[in-house]
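J.: Chains as they are written, first to last, in our numbering: chain A, 780 to 1194; chain B, 780 to 1194.
These aren't lab readings, by the way, just hints derived from the structure by calculation.
Treat each hint with caution, since some may be false.
Heads up, simulated DSSO-like pairs for lysine-lysine below, C-alpha to C-alpha not over 27 Å straight-line [stated by the list, open to error]:
#1 B:887 with B:903
#2 A:997 with B:852
#3 B:1047 with A:887
#4 A:1182 with A:1123
#5 A:1141 with B:1165
#6 A:960 with B:960
Simulated DEER-style distance windows between Cβ atoms [unchecked claim]:
#7 B:1078 with A:1167: 48 to 58 Å
#8 A:950 with B:825: 44 to 54 Å
#9 A:950 with B:858: 21 to 31 Å
#10 A:867 with B:1049: 52 to 62 Å
#11 B:1009 with A:867: 35 to 45 Å
#12 A:1192 with B:942: 41 to 51 Å
#13 B:953 with A:955: 18 to 28 Å
#14 A:1008 with B:799: 28 to 38 Å
#15 B:1011 with A:955: 11 to 21 Å
#16 B:942 with A:952: 44 to 54 Å
Here are some, though not all, of the chain B residues that point toward chain A, as calculated from beta-carbon distances under 10 Å [to be verified]:
#17 805
#18 809
#19 819
#20 829
#21 831
#22 834
#23 870
#24 873
#25 954
#26 957
#27 1019
#28 1077
#29 1081
#30 1126
Being a predicted model, the structure only gives us computed values, none of them experimental.
We put the beta carbon where it would ideally sit given N, CA and C, even for glycine.
There are 2 protein chains.
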Amino acid sequence: MQAEIITIGDEILIGQIVDTNSAYIGKALNAIGISVYQITSVQDEKSHILKALAEAEENADIIIITGGLGPTKDDITKHTIAEYFNDTLIRDAQVTENIQRLWRDFVKQPIQQVNLDQALIPSKAKPLMNLVGSAPGMWIEKKDKVFISMPGVPFEMKELMVKEVIPRLKEKYERPYIIHKTLLTYGVGESIIASRIESWENTLPHYIKLAYLPSLGKVRLRLSGIGLDEDILLKEIETQIDTVLPLIKDIFTGFEDEGDLEEVIAKKLTQDNKTLSIAESCTGGQIAQIFTQHAGASAYLKGAIVPYATQSKVNILGVSQALIDKHSVVSAEVAEAMAVQCKKLYATDFAIATTGNAGPEKGDSQAEIGTVFIAFASKNGVISQKLELGNNRLRVINKAVNKALELLSKEIFKN
Amino acid sequence: MQAEIITIGDEILIGQIVDTNSAYIGKALNAIGISVYQITSVQDEKSHILKALAEAEENADIIIITGGLGPTKDDITKHTIAEYFNDTLIRDAQVTENIQRLWRDFVKQPIQQVNLDQALIPSKAKPLMNLVGSAPGMWIEKKDKVFISMPGVPFEMKELMVKEVIPRLKEKYERPYIIHKTLLTYGVGESIIASRIESWENTLPHYIKLAYLPSLGKVRLRLSGIGLDEDILLKEIETQIDTVLPLIKDIFTGFEDEGDLEEVIAKKLTQDNKTLSIAESCTGGQIAQIFTQHAGASAYLKGAIVPYATQSKVNILGVSQALIDKHSVVSAEVAEAMAVQCKKLYATDFAIATTGNAGPEKGDSQAEIGTVFIAFASKNGVISQKLELGNNRLRVINKAVNKALELLSKEIFKN
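Chain A extracted, bound-state conformation:
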């Protein structure tokens, strides 16, 4: 069972937006046993869309199209799909009603003819009701294949995927099971890991694939299995993991499907009824942002301080000026004092702190660009680490955030 994703829009090809829809759709399809053969991003141009549709029909059973369903002249997907199926557009009563409801309840501006015309769909299409936008999804079957068209606005697409597309695909097709299991490692490069696990990798059955995904000091090892019997497949993957784990036990940090690291931390803190606060200078609010994007953060996160100016480390956080003068603002001592003061200020069980120079220029300290200190405070005291993270600002910030989360995770599972 193969799918192809076609995303339509010049904004993708000129790099004005990053196509995040495809990753969402790919993940959702995989979860129900449908592989994605290819993702193709094409222009808002009729002949190009027609060509992509024809090629996708060759390659795949399920063709998922996003984008180009808006009410304006540059949106040509609907007319092009009608042409592809040698079809005409007819007005759908239920979609019309949905559009009128949206305008009545939310838009509260006069409805335009172009909006009402979004209820025009190919006569061969079954509309998929879009409750959060005026462009309906469309479902068109052709023999044993299905073409699904959705708006490109991510939250409208997601609503349609969850409420319409996935349930219908599950009903229509018998699907194999696809299981991905990703091992997280930290500390050595992919080639060293590869040489360590080579003899095991060579014995993997053909229906289980191994991929190496390196990024910023971490290497993820992804095992992907496909099969008709879920239990057998799961058992086989478990067996393979049991075999490989002893070979990498010193660098293994967990499984990815347990959620991102901040989710693992959040779960642990919530379960243990422990609280956290954050004092982040060079990471500039990103650690707080990572925790607060997830629901339930208020159960454990009391808050954060971003004492960006040196003076605010003294005035607000209460780090001593003498300490800063003695050791410089980018130092283990100051990072530790920040964590201790933050823990006290917010009255939390744990606090994490960062101070460093993300570049591109030296700031209030003589520390080299890329030098970052992270510290962790608990009732057992305070510890810190020095990091050298290169000279690319965004990478320094991202790596410092990753390392702070790792330190935090390691310590809270210890305490």
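Take the given structure of chain A and dock chain B to it, following the hints.
T.: Chain B alone, transformed into the frame defined by chain A:
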């Protein structure tokens, strides 16, 4: 002059990562007058890559390939390219030297044979030196077409694009000029804008295209022109903008190429020598993160507080408990007090504050999910706005951040 981008890797198709490389490459090519015809993401599978290469050669003059150049078994791009060109791999001395240098200076672990073998490249390829990673880029010409292969690791790809690929493409091809100019609007939907500007849109010359890009209350209008004479093209686009602006002047907020909104704000604050602080509750650190991701933030940003727990709004920020009890923690009064206190605490010219309920559950306040107050304080006093932002947590946070930046921008350009 057309390019096609092929990104290789199962991790893209299963949705484990979002392909950000294509947008970067698309933007960089556009800037030198090369259009991207199509982006194709394919599996780590030989026959699939071969098929994509053949199709891209049909479609485009320039074929840019990323991914699959690592040292491990799942990386098959190099062998597949050699097969496509009926070529064999040979060891390149300069690449070998580069790999040895990287290991000596940075890796400081024993070099593996698989790493040294990254110096094996197709004999028809010219290596593009990758100074930050062990996989070289490759440049293969075939008649008037060129195939360029780069590693998938974003920062390695970017280094190669900037230092090798773009300069070589500029030298090899005569290119037309492509100019994009994007107008930002706020407040009305795309269909209303379309009906307002319809008569103008109908008279656009064929070499200038208009696109509508709606997102979260904003609609971006992108004019894209292509032509051989840069001056004439620029003048024509300026004329078109002069014609359309009076039709949308009440909703026009600026041009996108002036940078993202936070960059416009940062530039203004830095020029005026003014300072900013942030007290953000429901936005959880994201406003601070948005400013601090850019170099130079310390020139104007003194810092931020994320008083996530209600108690910390009192203890740390100094909002009065009585005020919170009277108006609730999600109220105009508390947002305004947060801004005023933050301005005082950090001793800044301006402060911005957010408080609200991002959901999915009600917190310390009886405010509806999606209710957010934003406030702005300056020497002239404090103002606030009430927002109703729906019930999707991430969208509430993102919209609140956007609205806070808008308020801030409006006010600092006034003050």
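J.: Take the shortest C-beta to C-beta distance between residue 1126 of chain B and chain A; is it under 10 Å?
T.: holds (8 Å)
J.: Would you say the C-beta atoms of residue 950 of chain A and residue 825 of chain B sit inside 44 to 54 Å of each other?
T.: For residue 825 of chain B against residue 950 of chain A, whose Cβ atoms are near 35 Å apart, the range 44 to 54 Å is violated.
J.: Taking the closest Cβ pair, is residue 873 of chain B under 10 Å from chain A?
T.: Violated, because the Cβ-Cβ distance from residue 873 of chain B to chain A comes to roughly 20 Å (cut-off 10 Å).
J.: Quick one, are residue 997 of chain A and residue 852 of chain B close enough, alpha carbons at most 27 Å?
T.: The given pair, whose Cα atoms are some 18 Å apart, holds under the 27 Å limit.
J.: Between the beta carbons of residue 1009 of chain B and residue 867 of chain A, is the distance compatible with 35 to 45 Å?
T.: About 44 Å separates the Cβ atoms of residue 1009 of chain B and residue 867 of chain A, which means 35 to 45 Å holds.
J.: Using the C-beta atoms of residue 1078 of chain B and residue 1167 of chain A, is the stated range 48 to 58 Å upheld?
T.: violated (25 Å)
J.: Below or equal to 27 Å on CA atoms is what counts here, so check residue 1182 of chain A against residue 1123 of chain A.
T.: Roughly 23 Å separates the two Cα atoms, so the pair holds.
J.: Given residue 870 of chain B as an interface hint, is its Cβ closer than 10 Å to any Cβ of chain A?
T.: violated (17 Å)
J.: Would you check whether residue 1081 of chain B satisfies its interface hint, that is, whether its CB is within less than 10 Å of any CB in chain A?
T.: Holds. Min distance 4 Å.
J.: Take the shortest C-beta to C-beta distance between residue 1077 of chain B and chain A; is it under 10 Å?
T.: holds (6 Å)
J.: How about residue 954 of chain B: closest beta carbon in chain A under 10 Å, or not?
T.: violated (15 Å)
J.: Given a hint of 41 to 51 Å, does the C-beta separation of residue 1192 of chain A and residue 942 of chain B actually sit inside it?
T.: holds (43 Å)
The structure shown violates the earlier hints numbered 1, 3, 5, 6, 7, 8, 9, 13, 15, 20, 23, 24, 25 and 27.
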